[in-house]
Amino acid sequence: MEDFLVGLAPPLIKGILLGGLYVVIALGLSLVFGVMKLINVAHGDLVILGSYFAWAVMGWLGIDPFLSLVAGVPLFFVLGFFVQKFIINRTFRISLDAALIACFGISIIVQNLCQAIWTPFNRSLLTDYRLLTFAVGPLTIQLRYLLDFIGGLAVMLAVRGFLRRTYLGRAISAASQNEPVAERMGINPNRVYSFAFAIAMACAAVAGVLQGLTFSFSPTSGSPFLIISFGVIILGGLGSMAGTFIGGMVFGLTQTLGAYFSGGSLLVQSIAPYLLVFVILSVRPQGIFGR
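Convert by adding 11 to the 1-based position in the sequence shown; the result is the number in my numbering.
Don't take every hint at face value.
Derived Cβ-Cβ restraints for the label pairs, each shown as a range [to be verified]:
1) Gln-188 x Phe-272: 29 to 35 Å
2) Leu-107 x Leu-286: 41 to 47 Å
3) Gly-172 x Ile-112: 32 to 38 Å
4) Ile-112 x Asn-133: 37 to 43 Å
5) Ile-98 x Pro-235: 35 to 41 Å
6) Met-196 x Val-147: 48 to 54 Å
7) Met-196 x Ile-161: 35 to 41 Å
8) Ala-20 x Ile-161: 18 to 24 Å
9) Gly-172 x Lys-48: 22 to 28 Å
10) Ile-299 x Ser-273: 22 to 28 Å
11) Lys-48 x Ser-227: 32 to 38 Å
12) Gly-116 x Leu-278: 29 to 35 Å
FYI, nobody ran anything at the bench for these hints, they're computed from the structure. By construction, the Cβ of each residue, glycine as well, lies at the ideal position given by its N, Cα and C atoms.
With the sequences and hints as input, model every part of the structure.
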(Lines of atoms letter the chains of each structure in order from A; the text may use other names.)
(Lines give C-alpha, C1' and ligand atoms only; values in the text may rest on other atoms or scores of the structure.)
Protein backbone atom coordinates (compact mmCIF):
# COMPACT_ATOMS: atom_id res chain seq x y z
CA MET A 12 0.00 0.00 0.00
CA GLU A 13 2.80 2.39 0.89
CA ASP A 14 4.57 1.66 -2.41
CA PHE A 15 1.32 2.34 -4.27
CA LEU A 16 0.90 5.74 -2.60
CA VAL A 17 4.54 6.65 -3.26
CA GLY A 18 4.08 5.74 -6.92
CA LEU A 19 0.83 7.70 -7.11
CA ALA A 20 2.29 10.92 -5.70
CA PRO A 21 4.27 12.05 -8.81
CA PRO A 22 1.31 11.98 -11.26
CA LEU A 23 -0.89 13.65 -8.63
CA ILE A 24 1.55 16.50 -8.17
CA LYS A 25 2.26 16.82 -11.88
CA GLY A 26 -1.47 16.92 -12.68
CA ILE A 27 -2.15 19.68 -10.16
CA LEU A 28 0.82 21.75 -11.31
CA LEU A 29 0.04 21.25 -15.01
CA GLY A 30 -3.51 22.34 -14.28
CA GLY A 31 -2.16 25.83 -13.67
CA LEU A 32 -1.31 26.13 -17.36
CA TYR A 33 -4.80 25.06 -18.35
CA VAL A 34 -6.25 27.65 -15.97
CA VAL A 35 -4.39 30.53 -17.64
CA ILE A 36 -5.42 29.36 -21.11
CA ALA A 37 -9.08 28.88 -20.15
CA LEU A 38 -9.44 32.17 -18.26
CA GLY A 39 -9.39 34.33 -21.39
CA LEU A 40 -11.87 32.13 -23.24
CA SER A 41 -14.19 32.04 -20.21
CA LEU A 42 -14.05 35.82 -19.79
CA VAL A 43 -14.94 36.57 -23.41
CA PHE A 44 -17.76 34.04 -23.45
CA GLY A 45 -19.09 35.20 -20.09
CA VAL A 46 -19.24 38.86 -21.15
CA MET A 47 -19.94 38.70 -24.89
CA LYS A 48 -21.55 35.24 -25.15
CA LEU A 49 -19.05 34.69 -27.97
CA ILE A 50 -16.96 31.55 -28.42
CA ASN A 51 -13.58 32.92 -29.44
CA VAL A 52 -12.34 30.01 -31.53
CA ALA A 53 -9.12 31.94 -32.18
CA HIS A 54 -8.13 31.89 -28.51
CA GLY A 55 -5.85 28.85 -28.76
CA ASP A 56 -4.04 30.37 -31.74
CA LEU A 57 -3.59 33.65 -29.85
CA VAL A 58 -1.95 31.68 -27.02
CA ILE A 59 0.47 30.17 -29.55
CA LEU A 60 1.09 33.67 -30.94
CA GLY A 61 2.15 34.57 -27.41
CA SER A 62 4.57 31.64 -27.44
CA TYR A 63 6.05 32.79 -30.74
CA PHE A 64 6.35 36.38 -29.50
CA ALA A 65 8.33 35.22 -26.45
CA TRP A 66 10.45 32.94 -28.66
CA ALA A 67 11.21 35.78 -31.09
CA VAL A 68 12.09 38.27 -28.34
CA MET A 69 14.29 35.67 -26.65
CA GLY A 70 16.08 35.01 -29.94
CA TRP A 71 16.50 38.65 -30.94
CA LEU A 72 17.34 40.21 -27.59
CA GLY A 73 18.49 37.18 -25.62
CA ILE A 74 16.20 37.93 -22.67
CA ASP A 75 14.21 35.53 -20.51
CA PRO A 76 10.70 34.65 -21.78
CA PHE A 77 9.14 35.99 -18.59
CA LEU A 78 10.86 39.34 -19.14
CA SER A 79 9.31 39.44 -22.61
CA LEU A 80 5.94 39.76 -20.85
CA VAL A 81 6.90 43.32 -19.90
CA ALA A 82 6.30 44.15 -23.56
CA GLY A 83 4.07 41.20 -24.47
CA VAL A 84 1.23 41.79 -22.00
CA PRO A 85 0.68 45.50 -22.90
CA LEU A 86 1.11 44.74 -26.61
CA PHE A 87 -1.43 41.90 -26.56
CA PHE A 88 -3.79 44.01 -24.43
CA VAL A 89 -3.75 46.84 -26.98
CA LEU A 90 -3.99 44.40 -29.88
CA GLY A 91 -7.01 42.71 -28.28
CA PHE A 92 -8.70 46.06 -27.66
CA PHE A 93 -8.41 47.13 -31.29
CA VAL A 94 -9.25 43.70 -32.74
CA GLN A 95 -12.49 43.71 -30.77
CA LYS A 96 -13.28 47.36 -31.44
CA PHE A 97 -12.63 47.40 -35.19
CA ILE A 98 -13.28 43.80 -36.28
CA ILE A 99 -15.37 41.76 -33.88
CA ASN A 100 -17.58 44.61 -32.70
CA ARG A 101 -18.55 45.51 -36.26
CA THR A 102 -19.51 41.93 -37.05
CA PHE A 103 -21.25 41.70 -33.67
CA ARG A 104 -23.71 44.35 -34.87
CA ILE A 105 -24.73 42.03 -37.71
CA SER A 106 -25.18 38.88 -35.66
CA LEU A 107 -23.44 36.61 -33.19
CA ASP A 108 -22.82 34.15 -36.05
CA ALA A 109 -20.98 36.85 -38.00
CA ALA A 110 -18.74 37.52 -34.99
CA LEU A 111 -18.04 33.79 -34.68
CA ILE A 112 -17.03 33.68 -38.36
CA ALA A 113 -14.75 36.67 -37.74
CA CYS A 114 -13.05 34.70 -34.96
CA PHE A 115 -12.55 31.81 -37.39
CA GLY A 116 -10.95 34.29 -39.78
CA ILE A 117 -8.63 35.58 -37.06
CA SER A 118 -7.65 31.99 -36.26
CA ILE A 119 -6.73 31.29 -39.88
CA ILE A 120 -4.81 34.58 -40.19
CA VAL A 121 -2.80 33.95 -37.01
CA GLN A 122 -1.93 30.38 -38.03
CA ASN A 123 -0.77 31.41 -41.49
CA LEU A 124 1.07 34.47 -40.18
CA CYS A 125 3.02 32.33 -37.69
CA GLN A 126 3.81 29.80 -40.41
CA ALA A 127 4.97 32.49 -42.85
CA ILE A 128 7.21 34.21 -40.30
CA TRP A 129 8.49 31.31 -38.20
CA THR A 130 8.03 28.27 -40.53
CA PRO A 131 5.87 25.23 -39.65
CA PHE A 132 8.57 23.52 -37.57
CA ASN A 133 8.19 22.91 -33.83
CA ARG A 134 9.72 25.45 -31.48
CA SER A 135 10.32 25.55 -27.73
CA LEU A 136 11.32 28.22 -25.24
CA LEU A 137 14.68 26.72 -24.34
CA THR A 138 15.98 28.29 -21.14
CA ASP A 139 18.58 27.24 -18.59
CA TYR A 140 15.86 26.30 -16.12
CA ARG A 141 13.35 24.63 -18.47
CA LEU A 142 14.48 21.10 -17.58
CA LEU A 143 15.54 21.80 -13.99
CA THR A 144 14.17 19.58 -11.25
CA PHE A 145 14.26 19.77 -7.47
CA ALA A 146 13.61 17.24 -4.75
CA VAL A 147 10.92 17.44 -2.10
CA GLY A 148 11.57 14.45 0.13
CA PRO A 149 11.41 11.36 -2.11
CA LEU A 150 9.66 13.29 -4.90
CA THR A 151 11.27 14.97 -7.90
CA ILE A 152 9.39 17.97 -9.27
CA GLN A 153 10.04 19.66 -12.60
CA LEU A 154 10.40 23.42 -12.27
CA ARG A 155 8.42 24.19 -15.44
CA TYR A 156 5.30 22.55 -13.99
CA LEU A 157 5.69 24.50 -10.76
CA LEU A 158 5.92 27.70 -12.83
CA ASP A 159 2.69 26.68 -14.58
CA PHE A 160 0.89 26.42 -11.25
CA ILE A 161 2.31 29.67 -9.87
CA GLY A 162 1.46 31.44 -13.12
CA GLY A 163 -2.08 30.06 -13.18
CA LEU A 164 -2.73 31.02 -9.57
CA ALA A 165 -1.22 34.51 -10.01
CA VAL A 166 -3.18 35.32 -13.18
CA MET A 167 -6.44 34.03 -11.69
CA LEU A 168 -6.00 36.12 -8.54
CA ALA A 169 -5.02 39.19 -10.60
CA VAL A 170 -8.07 38.92 -12.88
CA ARG A 171 -10.36 38.14 -9.95
CA GLY A 172 -9.05 41.15 -8.02
CA PHE A 173 -9.43 43.40 -11.06
CA LEU A 174 -13.04 42.33 -11.64
CA ARG A 175 -13.98 42.83 -7.98
CA ARG A 176 -12.00 45.90 -6.94
CA THR A 177 -12.00 48.28 -9.93
CA TYR A 178 -14.82 50.24 -11.54
CA LEU A 179 -14.04 48.80 -14.97
CA GLY A 180 -13.89 45.29 -13.53
CA ARG A 181 -17.26 45.69 -11.82
CA ALA A 182 -18.67 47.07 -15.08
CA ILE A 183 -17.46 43.96 -16.91
CA SER A 184 -19.00 41.73 -14.23
CA ALA A 185 -22.29 43.65 -14.37
CA ALA A 186 -22.46 43.41 -18.17
CA SER A 187 -21.79 39.67 -18.03
CA GLN A 188 -24.62 39.12 -15.53
CA ASN A 189 -27.30 41.40 -17.00
CA GLU A 190 -26.35 43.59 -19.96
CA PRO A 191 -29.67 45.50 -20.34
CA VAL A 192 -29.64 46.53 -16.66
CA ALA A 193 -25.93 47.42 -16.85
CA GLU A 194 -26.62 49.59 -19.91
CA ARG A 195 -29.41 51.44 -18.09
CA MET A 196 -26.91 52.14 -15.31
CA GLY A 197 -24.70 53.98 -17.80
CA ILE A 198 -22.27 51.20 -18.68
CA ASN A 199 -21.21 51.20 -22.33
CA PRO A 200 -21.37 47.56 -23.53
CA ASN A 201 -19.04 48.12 -26.48
CA ARG A 202 -16.38 49.59 -24.18
CA VAL A 203 -16.81 46.66 -21.80
CA TYR A 204 -16.49 44.19 -24.69
CA SER A 205 -13.26 45.82 -25.87
CA PHE A 206 -11.64 45.71 -22.44
CA ALA A 207 -12.82 42.14 -21.78
CA PHE A 208 -11.26 40.98 -25.05
CA ALA A 209 -8.09 42.96 -24.26
CA ILE A 210 -7.77 41.27 -20.86
CA ALA A 211 -8.28 37.88 -22.51
CA MET A 212 -5.47 38.69 -24.94
CA ALA A 213 -3.18 39.71 -22.07
CA CYS A 214 -3.94 36.34 -20.43
CA ALA A 215 -3.07 34.68 -23.76
CA ALA A 216 0.36 36.36 -23.69
CA VAL A 217 1.10 34.90 -20.24
CA ALA A 218 -0.31 31.52 -21.25
CA GLY A 219 1.90 31.57 -24.35
CA VAL A 220 5.07 31.87 -22.27
CA LEU A 221 4.03 29.11 -19.86
CA GLN A 222 2.93 26.86 -22.73
CA GLY A 223 6.20 27.41 -24.60
CA LEU A 224 8.23 26.48 -21.52
CA THR A 225 6.15 23.35 -20.93
CA PHE A 226 5.56 21.99 -24.45
CA SER A 227 6.88 22.48 -27.96
CA PHE A 228 4.62 24.39 -30.32
CA SER A 229 3.95 24.98 -34.02
CA PRO A 230 1.54 27.29 -35.91
CA THR A 231 -1.24 24.70 -35.64
CA SER A 232 -0.83 23.93 -31.92
CA GLY A 233 -3.65 26.24 -30.88
CA SER A 234 -6.58 23.92 -31.61
CA PRO A 235 -5.77 21.31 -28.91
CA PHE A 236 -5.50 24.05 -26.29
CA LEU A 237 -8.81 25.54 -27.41
CA ILE A 238 -10.45 22.15 -26.86
CA ILE A 239 -8.73 21.79 -23.48
CA SER A 240 -10.09 25.22 -22.52
CA PHE A 241 -13.62 24.08 -23.34
CA GLY A 242 -13.10 21.04 -21.13
CA VAL A 243 -11.80 23.13 -18.23
CA ILE A 244 -14.73 25.57 -18.46
CA ILE A 245 -17.29 22.76 -18.66
CA LEU A 246 -15.77 21.01 -15.64
CA GLY A 247 -15.51 24.13 -13.49
CA GLY A 248 -18.62 25.98 -14.61
CA LEU A 249 -18.98 29.08 -16.75
CA GLY A 250 -18.67 32.41 -14.99
CA SER A 251 -16.79 31.11 -11.95
CA MET A 252 -13.13 31.99 -11.43
CA ALA A 253 -12.84 29.37 -8.70
CA GLY A 254 -14.56 26.91 -11.02
CA THR A 255 -12.07 27.59 -13.80
CA PHE A 256 -9.20 27.06 -11.37
CA ILE A 257 -10.62 23.79 -10.03
CA GLY A 258 -11.53 22.72 -13.59
CA GLY A 259 -7.91 23.19 -14.66
CA MET A 260 -6.67 21.13 -11.72
CA VAL A 261 -9.19 18.34 -12.39
CA PHE A 262 -8.35 18.28 -16.11
CA GLY A 263 -4.61 18.06 -15.42
CA LEU A 264 -5.11 15.36 -12.78
CA THR A 265 -7.30 13.29 -15.10
CA GLN A 266 -4.63 13.43 -17.79
CA THR A 267 -1.72 12.39 -15.58
CA LEU A 268 -3.65 9.76 -13.62
CA GLY A 269 -5.05 8.34 -16.85
CA ALA A 270 -1.51 7.94 -18.15
CA TYR A 271 -0.33 6.45 -14.85
CA PHE A 272 -3.02 3.78 -14.55
CA SER A 273 -2.81 2.87 -18.26
CA GLY A 274 0.94 2.36 -18.22
CA GLY A 275 1.72 5.60 -20.04
CA SER A 276 -0.83 5.27 -22.85
CA LEU A 277 -1.08 8.57 -24.74
CA LEU A 278 -4.52 7.55 -26.01
CA VAL A 279 -5.91 7.12 -22.49
CA GLN A 280 -4.17 10.31 -21.36
CA SER A 281 -5.91 12.22 -24.16
CA ILE A 282 -9.35 10.63 -23.82
CA ALA A 283 -9.71 10.38 -20.02
CA PRO A 284 -10.41 14.10 -19.35
CA TYR A 285 -13.13 14.23 -22.00
CA LEU A 286 -14.80 11.12 -20.60
CA LEU A 287 -14.93 12.97 -17.28
CA VAL A 288 -16.35 16.04 -19.08
CA PHE A 289 -19.08 13.80 -20.53
CA VAL A 290 -19.90 12.46 -17.06
CA ILE A 291 -20.04 15.97 -15.57
CA LEU A 292 -22.31 17.15 -18.39
CA SER A 293 -24.62 14.21 -17.71
CA VAL A 294 -24.76 14.67 -13.93
CA ARG A 295 -24.29 18.44 -13.52
CA PRO A 296 -24.51 20.32 -16.86
CA GLN A 297 -23.66 23.68 -15.27
CA GLY A 298 -20.29 22.36 -14.05
CA ILE A 299 -18.88 21.95 -10.55
CA PHE A 300 -19.22 25.63 -9.56
CA GLY A 301 -21.65 26.76 -12.28
CA ARG A 302 -24.87 28.54 -11.43
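Hint by hint, here is what the structure shows:
1. Checked against the given bound of 29 to 35 Å, the beta carbons of Gln-188 and Phe-272, roughly 41 Å apart, lie outside it.
2. Distance hint check for Leu-107 and Leu-286: the Cβ-Cβ separation is about 30 Å, which falls outside the suggested range of 41 to 47 Å.
3. At about 34 Å, the CB distance of Gly-172 to Ile-112 agrees with the hint of 32 to 38 Å.
4. At about 30 Å, the beta-carbon gap between Ile-112 and Asn-133 misses the expected band of 37 to 43 Å.
5. In this structure the supplied range 35 to 41 Å is violated for Ile-98 paired with Pro-235, their Cβ-Cβ distance being about 25 Å.
6. Between Met-196 and Val-147 the beta carbons are some 50 Å apart, a value that agrees with the proposed interval 48 to 54 Å.
7. As the Cβ distance of Met-196 to Ile-161 is approximately 37 Å, the hint placing it in 35 to 41 Å holds.
8. Against the hinted window of 18 to 24 Å, the Cβ-Cβ separation of Ala-20 and Ile-161 comes to about 20 Å, which satisfies the hint.
9. For the pair Gly-172 and Lys-48, the supplied restraint of 22 to 28 Å holds, since their beta-carbon distance comes to about 24 Å.
10. For the pair Ile-299 and Ser-273, the beta carbons lie near 24 Å from each other, so the given range of 22 to 28 Å is met.
11. Look at Lys-48 against Ser-227: about 34 Å separates their beta carbons, and that is inside 32 to 38 Å.
12. The hint said 29 to 35 Å for the Cβ distance between Gly-116 and Leu-278, and at roughly 33 Å that hint holds.
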